[in-house]
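According to this note's numbering, the residues represented by the sequence shown are 1 to 135, in order.
Bear in mind the hints are in silico, worked out from the structure with no lab data behind them.
Careful: at least some of the hints might be erroneous.
Capping the alpha-carbon separation at 20 Å, the derived lysine-lysine pairs in PhoX-like fashion look like this [what the hints assert, rightly or not]:
| # | residue 1 | residue 2 |
| --- | --- | --- |
| 1 | K130 | K26 |
| 2 | K10 | K26 |
| 3 | K26 | K7 |
| 4 | K130 | K10 |
Here are the in silico distance ranges between beta carbons for each label pair [as the list claims (entries may be wrong)]:
| # | residue 1 | residue 2 | range |
| --- | --- | --- | --- |
| 5 | N51 | V128 | 22 to 30 Å |
| 6 | S58 | N19 | 17 to 25 Å |
| 7 | Q11 | E78 | 17 to 25 Å |
Note that the structure is a prediction, hence the values are computed from the model and not measured.
Where is the CB? At the ideal position from N, CA and C, for every residue including glycine.
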Amino acid sequence: MANFVYKKAKQGLFNGLINTLSNQYKLILTNENYTPNSSSNDEFVSSIPENARVATSSSISNITNINGIIDGDDIQMEVLGSFNAIVFAQSTSPIDNSRLVFYVDTAEELPFAYTGQNTVTINWSNEVNKILALI
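Please model the entire structure based on the sequences and the hints provided.
Structure, rendered in structure tokens:
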């Protein structure tokens, strides 16, 4: 699989359901028990089986959207297992109702092999694309 923006997220952007300035966002680290569907099927975190969710972050701080480039603070997460992908989701309560935004499985340090270290830091790119660039 390759990195992608979920089709339902694209629809949500154009329908005003996703707002980077007023919504909260979290990361869900997933393992091989989740097979993402980049078509129109996957829309909410409930599409990710519970046994595929290795960890869920706290909300990402200082989200910005400048010229379609999304950025925010790097984030530390507690993990207790290996993971092969990161899902960026619009955070709601309960978490299963959170909207899936994009999926990343091609990046430095992925897949991540758990070695007993409980804290992982997700460092966003400092290059032009930051967290995500709609280009």
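These are the hints, each one checked on the structure:
1. K130 x K26: Holds, because 16 Å separates the two Cα atoms, which is no more than 20 Å.
2. K10 x K26: Distance of about 18 Å is within 20 Å: holds.
3. K26 x K7: holds (19 Å)
4. K130 x K10: holds (18 Å)
5. N51 x V128: 22 to 30 Å: violated (37 Å)
6. S58 x N19: 17 to 25 Å: 19 Å Cβ-Cβ, so the 17 to 25 Å window holds.
7. Q11 x E78: 17 to 25 Å: Violated, at about 33 Å.
Hints 5 and 7, counting from the list given before, are not met by this structure.
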